[in-house]
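One letter stands for each residue in the lines below.
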Amino acid sequence: MDFTHTEERQLFKDSVARVIADTYTLDARNKAAETDLGFSAEKWAQFAKLGAIGALFSEEDGGFGGAPFDVTVLFEELGRGLVNEPFLATAILGGGLIAELGNAEQKAVIEEIIAGTKQLAFAHGEPKSRYDASHVETTAKKSGDGWVLNGAKAVVLNGSAADTLIVSARSSGAAWDEDGLSLFLVPADAAGVARHSYPSIDGLHAAEVRLDNVAVGADALLGAEGKAWPAIEKVIARANLALASEAIGAMEVARDMTIEYLKTRKQFGVVIGKFQALQHRMATVLLEIEQARSSVINAAGRFDGSRVEREMAVSSAKTLAGKIGRLVAEEAIQMHGGIAMTWEYAVGHFAKRLVMIDHMFGDVDYHVARYVALSKEAA
Amino acid sequence: MDLNFSPEDLAFQAEVRAFLKAELSPALADKVRHNKTLTKEDMVGWHATLNKRGWLAQDWPKQYGGADWTPVQQQIFDDEASAAGAPRIIPFGLKMLAPVLMKFGSEAQKAHYLPRILDGTDWWCQGYSEPGAGSDLASLKTRAVRDGDHYVINGQKTWTTLGQYADMIFCLVRTGTEGKPQEGISFILVDMKSPGITVRPIILLEGTHEVNEVFFDNVRVPAENLVGEENKGWTYAKYLLTHERTNIAGVGASKAALAEVKRIAKAETVRGVPLADDPYFAARVAQVEMELDALSTTNLRVLSSPDAAASAGSISSMLKIKGTEIRQSINDLARRAIGPYAMPFVSEALEEGYNGEPVGPEYALGVAPDYFNNRKITIFGGSNEIQRGIISKMVMGL
Numbered sequence: 158m159d160f161t162h163t164e165e166r167q168l169f170k171d172s173v174a175r176v177i178a179d180t181y182t183l184d185a186r187n188k189a190a191e192t193d194l195g196f197s198a199e200k201w202a203q204f205a206k207l208g209a210i211g212a213l214f215s216e217e218d219g220g221f222g223g224a225p226f227d228v229t230v231l232f233e234e235l236g237r238g239l240v241n242e243p244f245l246a247t248a249i250l251g252g253g254l255i256a257e258l259g260n261a262e263q264k265a266v267i268e269e270i271i272a273g274t275k276q277l278a279f280a281h282g283e284p285k286s287r288y289d290a291s292h293v294e295t296t297a298k299k300s301g302d303g304w305v306l307n308g309a310k311a312v313v314l315n316g317s318a319a320d321t322l323i324v325s326a327r328s329s330g331a332a333w334d335e336d337g338l339s340l341f342l343v344p345a346d347a348a349g350v351a352r353h354s355y356p357s358i359d360g361l362h363a364a365e366v367r368l369d370n371v372a373v374g375a376d377a378l379l380g381a382e383g384k385a386w387p388a389i390e391k392v393i394a395r396a397n398l399a400l401a402s403e404a405i406g407a408m409e410v411a412r413d414m415t416i417e418y419l420k421t422r423k424q425f426g427v428v429i430g431k432f433q434a435l436q437h438r439m440a441t442v443l444l445e446i447e448q449a450r451s452s453v454i455n456a457a458g459r460f461d462g463s464r465v466e467r468e469m470a471v472s473s474a475k476t477l478a479g480k481i482g483r484l485v486a487e488e489a490i491q492m493h494g495g496i497a498m499t500w501e502y503a504v505g506h507f508a509k510r511l512v513m514i515d516h517m518f519g520d521v522d523y524h525v526a527r528y529v530a531l532s533k534e535a536a
Numbered sequence: 030m031d032l033n034f035s036p037e038d039l040a041f042q043a044e045v046r047a048f049l050k051a052e053l054s055p056a057l058a059d060k061v062r063h064n065k066t067l068t069k070e071d072m073v074g075w076h077a078t079l080n081k082r083g084w085l086a087q088d089w090p091k092q093y094g095g096a097d098w099t100p101v102q103q104q105i106f107d108d109e110a111s112a113a114g115a116p117r118i119i120p121f122g123l124k125m126l127a128p129v130l131m132k133f134g135s136e137a138q139k140a141h142y143l144p145r146i147l148d149g150t151d152w153w154c155q156g157y158s159e160p161g162a163g164s165d166l167a168s169l170k171t172r173a174v175r176d177g178d179h180y181v182i183n184g185q186k187t188w189t190t191l192g193q194y195a196d197m198i199f200c201l202v203r204t205g206t207e208g209k210p211q212e213g214i215s216f217i218l219v220d221m222k223s224p225g226i227t228v229r230p231i232i233l234l235e236g237t238h239e240v241n242e243v244f245f246d247n248v249r250v251p252a253e254n255l256v257g258e259e260n261k262g263w264t265y266a267k268y269l270l271t272h273e274r275t276n277i278a279g280v281g282a283s284k285a286a287l288a289e290v291k292r293i294a295k296a297e298t299v300r301g302v303p304l305a306d307d308p309y310f311a312a313r314v315a316q317v318e319m320e321l322d323a324l325s326t327t328n329l330r331v332l333s334s335p336d337a338a339a340s341a342g343s344i345s346s347m348l349k350i351k352g353t354e355i356r357q358s359i360n361d362l363a364r365r366a367i368g369p370y371a372m373p374f375v376s377e378a379l380e381e382g383y384n385g386e387p388v389g390p391e392y393a394l395g396v397a398p399d400y401f402n403n404r405k406i407t408i409f410g411g412s413n414e415i416q417r418g419i420i421s422k423m424v425m426g427l
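Top to bottom, those sequences are chains B and R.
Position 7, counted from 1, in the first sequence is what my numbering calls 164; the numbers after and before it change by one each time, with no gaps.
Position 148, counted from 1, in the second sequence is what my numbering calls 177; the numbers after and before it change by one each time, with no gaps.
These are computed hints drawn from the structure, not numbers from a lab.
Negatives, chain B to chain R, calculated, CB over 10 Å:
(1) Leu183
(2) Phe221
(3) Ser286
(4) Ser357
When the alpha-carbon atoms are kept at most 30 Å apart in a straight line, the in silico DSBU-like pairs for lysine-lysine are as follows:
(5) R:Lys60 - R:Lys405
(6) B:Lys509 - B:Lys431
(7) R:Lys267 - B:Lys420
(8) R:Lys284 - B:Lys533
(9) B:Lys533 - R:Lys50
(10) R:Lys291 - B:Lys391
(11) B:Lys431 - R:Lys405
(12) B:Lys431 - R:Lys261
(13) B:Lys420 - R:Lys422
(14) R:Lys291 - R:Lys50
(15) R:Lys60 - R:Lys50
(16) B:Lys533 - R:Lys295
(17) R:Lys170 - B:Lys431
(18) R:Lys81 - R:Lys132
(19) B:Lys264 - B:Lys299
(20) B:Lys431 - R:Lys209
(21) B:Lys431 - R:Lys422
(22) R:Lys267 - R:Lys91
(23) B:Lys533 - R:Lys291
Idealized CB from N, CA, C, for every residue including glycine.
Based on the sequences and whatever the hints tell you, model everything.
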C-alpha cells in the first residue's frame, strides 16, 4: 500500500494548480459562463498547451496519462478553481467513448481533442430517463447503409459548443434494456439536429437536443450495433470518479474560506470562531471531507478491477461526494451568514457547484440503491 | 498510489489467518460474536496465546519484546482477528501505559514493568477520571503528598474499566496547586493491593459490571513509582491520549459487527422475505458500509502519512469521532434488525455455562445490551465533543 503520488503525477498536479491559482479568476469564469460558448476558448487553449487534456488519455491513444489517478488529480485541481471548461464533456465523456469504442479512423479525433481544437458532447440523457443510464427511447433505424435517428436528449453538457455529438440510440429492445444501445457520431450541424442551449445554475452550459430524422452514414456508428452498454457504463463511472474528485477540490476551498471567515468575522465583540456551536460543526466538515477523499482514493484504486468492484467503489465515492458536498455547501453558507448569499462573494458559487454535482450521473439516493443492487451481484 | 497489499503483507495475512484458525477456540469466538460476557480467564488466556507467538505488543519496538508492526500489518491483524471473533486486546497496560513508560519512565521502571505487562503478571487499569473531573480532566482532586520515601494518596477515581481484575493502576494525581490546573498533576503507579484501596463496582445501564470506583484512603506509594518528573503528569497523559491511534478507529471490530448485522438480516424475515432484501434496511446498511470502507482507507492514509507524527492529536481525534459514530450506527442497525427480540433482558444467558431456556434467536441476546454499552464509546477517552474541540484548536486554529 502506498498513499503518495508518483513524482511525475505530483509535478503535473502542482503545475495545474499553479496555473489555476495564478491565472484563473472566478469573475472571468462567471462571465464566460454567460456567453454562448459557455466557457473561455482562450483558457481551454491554455489548458491544452499545459497538457491537462492529454493527461486524460492513454499513451496508446496519443495522450500522456489516462490512469484513474490522473483523473482524480486533475479534477481535484479543476474543482479548486471552479473551472468550467469542458473537460468532462469533451475529454472524459466524448473522448472516453471514442477511446473505448472507436476504430482507427474515429480515434483520429482524439489528437484534436488533446490539442483543444475539437469539442464534443455526449447526448445521452433524455427528458424521462432521470439518472437511469440505460433508459434510452431515442431510436436508430437502419436506412440503406446508414441510420436515421429520432428522439430528444436532455441536459446535454457542452451541447452548444460541441462540434460533434455522440448520440445514444436504440436499435432494439425496450426503453431501459441494456442491450440494443448504439452510439453515433453526429455532426452538431447535421440536418434535423436542433439545439436549445442554456446556462446551468452552477456556471456550466448545457442544451436540450432534438433529433428529427437525422440521417448519418454507416461510418457514424461507434462500436458494434446494439452493444454500447458496457462502454457507456464504464465511461459514466469515469465521469463520476472525475466529479467526486472535483467535489473534493471545491469542498476544500469552501472549507478554507469558511475557516478564514470564522477567524475574522466579529460578532458580540469576538471572532465567531470562538463559538463552540460553530467550532464543532466545522470539525465535522473537516473530518467528513477526509472521508470523501478516502472514498475517491478507493474508487480510483479499484477502477481497473472487476466491473462490480469498480462500480461499487464509484457509487460509494459519488454517494459520499453528494452527501458531504451538500454538508460542506450548506455549512459554508450558514456559517458565513448573509455575505454567502451574494453573487459577489465566492463561496456561494462553490456551494452551487457542490450541490449540482449531486445532480450529475446519479444523486445520493440513486447511488445508494445502485450499490445495494451491485452488492447482491457481488454476493 | 496503490491500494493493494504487498506480497509481504499478503504473506503476513495468510500467517495471521493460520494462527487464528489454530489458536482461537470456536467457543471463545462465539462468545465474542454474540457479545457474551468474557471471563477474566478468557481475556488473560488470549493475551497469553498472542504473547507466545510474539504478537501481543503489536506496536512496541522489538527491543522491548514488541512485534513492531507497520500500520498496515496492524490493520491486517485487526481485520482478521475481529472477523474471526478474537477478543480485543485489553489496552491499559499494552497500549496506554507502556508507551508512556518507554518515553518517560526510568530504566528501572521499564525493566520491571514492561516484561510483566507482556507475560500477564500485571493487569493494569487506568486511574484518570474522577466524580468531578470528566471531560475537564485537569480539574482532578485526588492528592498525593510526599512523605519521606513515599507519596500518600487520598481521593477517588471512577469509571475504572476492569479494575476488579487489576493488579496495578496508573493514576493522575494532584501534587501541586499553583499555576494552571494542568501544572500540578503527576503520573504515578500504584499497587492495587496497597492498604487503603477500596474497589466498588458500578453496574452499567445494561446490567454489566465493567467499571468501578476506586477509593484511596491514605494509600502509601513508594516514591520510585512516580513516572518522570513531579507535576509533569499532564504532559505524559496527553502523550498517552494521542499515542493510541492505530486502533482508535476500531475498523476491524466495526467490519465484524457489520458482517454480523448482515448475517442477522439474512436470517430475519418479513413475510418470508429476508430483511436484507428490504430496500430501506438495505440502503441503511449500504451507507454504513460505504462510510466504513472510507474510514478504513482514512485510517491507513493518515497513519502512514509522513506528517502523521506532527499532527498526532488531531488525527486520533478524527479517527475516534468517525470510528465511534460508525460503530454506533452499526449497533443501531443490529438493534433494529432483531425487532421485538431486542426487548428480552435475560442477562444470565450471556454468562458462561447458562443452561436455561433460550428466548429468541441466539444472535439477538447480546444486541440490545451491546447497543447500550456502546453509548460509552463517544464519551470515554475524551468525549467526541472534546475531540471536536481539539480539531478546532489544533487544525483550524479557532
